[in-house]
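One letter stands for each residue in the lines below.
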Amino acid sequence: MRRFLDRHWYAYAMVLPVVVVIAVLVLFPLAQGVFFTFTDINEGNIANPILDRPATYVSVGLDNYLNVLSGDASYGAFWSTLVRTLIWTFGCVFFHYTIGLGLALLLNRQVRGRAVYRVLLILPWAVPAFISAFAWKYMFNAQYGIINQFLRFLGLDDPPVWLGQSDWALVAVMIVNTWLGVPFMMVALLGGLQSIPGDLYEAAEVDGATPWQRFRNVTLPGLRSVSSTVVLLGIIWTFNMFAIIYLITGPNPNTRILVTYAFERFFSGASRDFAVASTYGVLILSVLLVFAGVYRRALRKQGEVW
Amino acid sequence: MTVEAASVRVVQPVRALKRSQRSPLASVGLHGALVVASLIAVFPVFWVLVTSFKPDAKAVETTPKLVNDSSLDNYGRILAGEKGDFLAWFGNSVLIALMTTVLAVFLSATTGYAASRFRFPGKRSLMLSFLVVQMFPFAVLIVPLYNILLALGLQGTSLGLVLVYCTTAVPFCTYMLKGYFDTIPTDIDEAGRVDGLSPFGVFWRLVLPLARPGLAVTSFYAFLTAWGEVAFASAFLSAADESKTLAVGLQVFVQQNRTEWGHLAAASILVAIPAIVVFYLVQKFLVTGLSSGAVKG
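Chains as they are written, first to last, in UniProt numbering: chain A, 1 to 306; chain B, 1 to 297.
Chain A extracted, bound-state conformation:
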C-alpha cells in the first residue's frame, strides 16, 4: 500500500480537484435525481430554506415511470416523443456529417480563396446559438420572414407556415440545427483529412484508382477514428439539444423532444412537476448509455479500440 501511494501520490493529487468537483456537482446530484424519480417532489413540497419550509414530498414507488412509460399524453406521450427525438437526432447528425464532409473535401483541395471560404463557413459556429435561434425565428416567420418571401418570389404562392402547429415546425428547427452544426463537423473532418498521408493517394492513383475508389478506400478509412468520435459526440449533443427548439418554437408539441419536455415539466408547467422532469432525465440518460454501449461494441467489432 505504501509503495502504491509512493508511486502514484502526485498523480492522484493532481486528479483530486476534478474528482471532487465531479463527485459533488455531478455524481451526488445524479444519485439525488434518481432518488427524486421515486417521489412526488414539486415546487410545493421541496425543502426551501428561504421560506423556512422542510421537505414534505413522499415516496410514490414506480408511479412516475409507469405514468411516463404508459405513453399517456398528459405525461408527454413518451413513445411518440422518443420517436420524434430519434428523427431529430439522426436527421440532424446525418446532414451535419454529410454536408460537413462534403465541404471539408472541397476545402481540402487547392482552391483559390480557401482561407476566405473557411472563415465564412465557420461563421455559424462563431455566433452564439441563442442569437442564431432568434435570427432564424425571424426568417421563418410565415408573413414577413425572408424565407417565405423568397419562396413566393420563386412562384410558390402558398408557402408553408413554418413555425405553426404542424410538422413543418420540426423541419424548420432541423434546418436551423443543421446550419448550426455543420461547421464543427467540417472543421473536425478537415483536420482528419489533413492527417491522411498524401502518399496513399499517390499510390492509389498509380494503381489506377478512380476518384470514387480513392474516396472509398483511402479517405473514408483514414477518417474513421475522427468520424467515430465526432458522430458519437454529435448524436449526444443533438439528443440533448435544447436551446434551438426552446427558443424557436417554445412548447409547440410538434417539435417536442425528450429534453424540451423535461424542461417544460420542470419550469413552464403550472405545478412545476420536478418528479416527472427527473424521470424524463433518467430515461434520457438510459437511452444514451444504451446507445453509447451499442456504438462502442460496433466499433470494437470493426477492430477499433475506443
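Keep in mind that a hint or two might mislead.
[What the hints assert, rightly or not] Calculated Cβ distances over 10 angstroms to all of chain B for the following chain A residues:
hint: 1; residue: 67
hint: 2; residue: 138
hint: 3; residue: 155
hint: 4; residue: 158
hint: 5; residue: 215
hint: 6; residue: 252
hint: 7; residue: 298
[Unchecked claim] Reference listing, derived: stretches of chain B covered by chain A, where coverage requires no fewer than 3 residues with Cβ under 8 angstroms from a Cβ of chain A:
hint: 8; region: 31-44
hint: 9; region: 143-154
hint: 10; region: 162-172
hint: 11; region: 224-237
hint: 12; region: 266-275
What the hints contain is simulated information worked out from the structure, not anything from laboratory work.
Note that the structure is a prediction, hence the values are computed from the model and not measured.
All C-beta atoms, glycine included, are put in the ideal place defined by N, C-alpha and C.
Here the structure of chain A is known, so what remains is to put chain B in place on it, guided by the hints.
Relative to chain A, chain B alone:
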C-alpha cells in the same frame, strides 16, 4: 492487358492536372458549391445586421428591403437601457462566463496533465467518466442542482450558475487539455526531472507555458459554453431584470404580444460581434486543438 495500359496512360495527365490546374468546368463547380455554402452560412447573420437598423414596424413589412428608414436608433435605445437593462445583462454574462472559464480551466489543467503523463490505477475509468458526463442531459441534474442551490442559498445568484456550468465545463476542458498535453513531447518532462524539478515543478514551469495555445482554446471553449447557455440560466436566475444574462434577457424581445425585431436584431449584433471577433482570433488554434485533442481523445 490493353485495359491496364490504357489506364496507365490516363493516369499521367490526371496527376499533372491535379497539381497545376483542373478543368475549368470542375473549377466552376468547386467554387460554385463553396460560394453557395458560404452564402447560406453568412446570410442569417447578414440579415440580422440589415434588420438591426430598421425600426420595429418596418422590420415586419412583407416586401424585403435592404434599407428601410434605417438608422442607429435601435442601438441607441438598447444601450441606453430603454428596452431592459442591456448593459447589466451583458455584465452578468461576461462575469459568469469569465468565472466559469477561470474555475474550469484551473481545475482541469492538473487533471489533464496527470491523465496525459502518468499511468495510475483508475485512469481509464476516469477518462471514460468524462465522456459519460458529456452524455448527461441537463434534465437529470436540473432538479437536484436546484435543490442544492436552494439549500446553499445560492439559488438565483451568479455564483450558483457558475457552479452549475462547471458540471459541463470541467469534464470537457479536462478532455481537451489532456489531448493538448499529449502533443507536448515527454522528453521535456524528463529533462526537467533530470534537472531536479518535482513533478509539479515540471508541470508548472515547463508544460503549462508550452501549453498556452491549448489553454487559450480550452478557455475560449468554456467561455462560449457559458456565454450561450440558455436552459440553466432561464431556470436558475431570479426574475429580477438586472440579474439576467443575455440569453435570458433577450427573450424579452420575442414575447408573444410584442416582437420587437429591430431592437432584438440590434441587441443580437451587439452580443454576436465580441463572440465572433474572439472566435476568429483563436480559430487557427481551434482546428489544431480539435483534431489533436477532443477528436483523437
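(message) Tell me the numbers of any earlier hints that the structure contravenes, in ascending order.
(response) Per hint list: single violation, 2.
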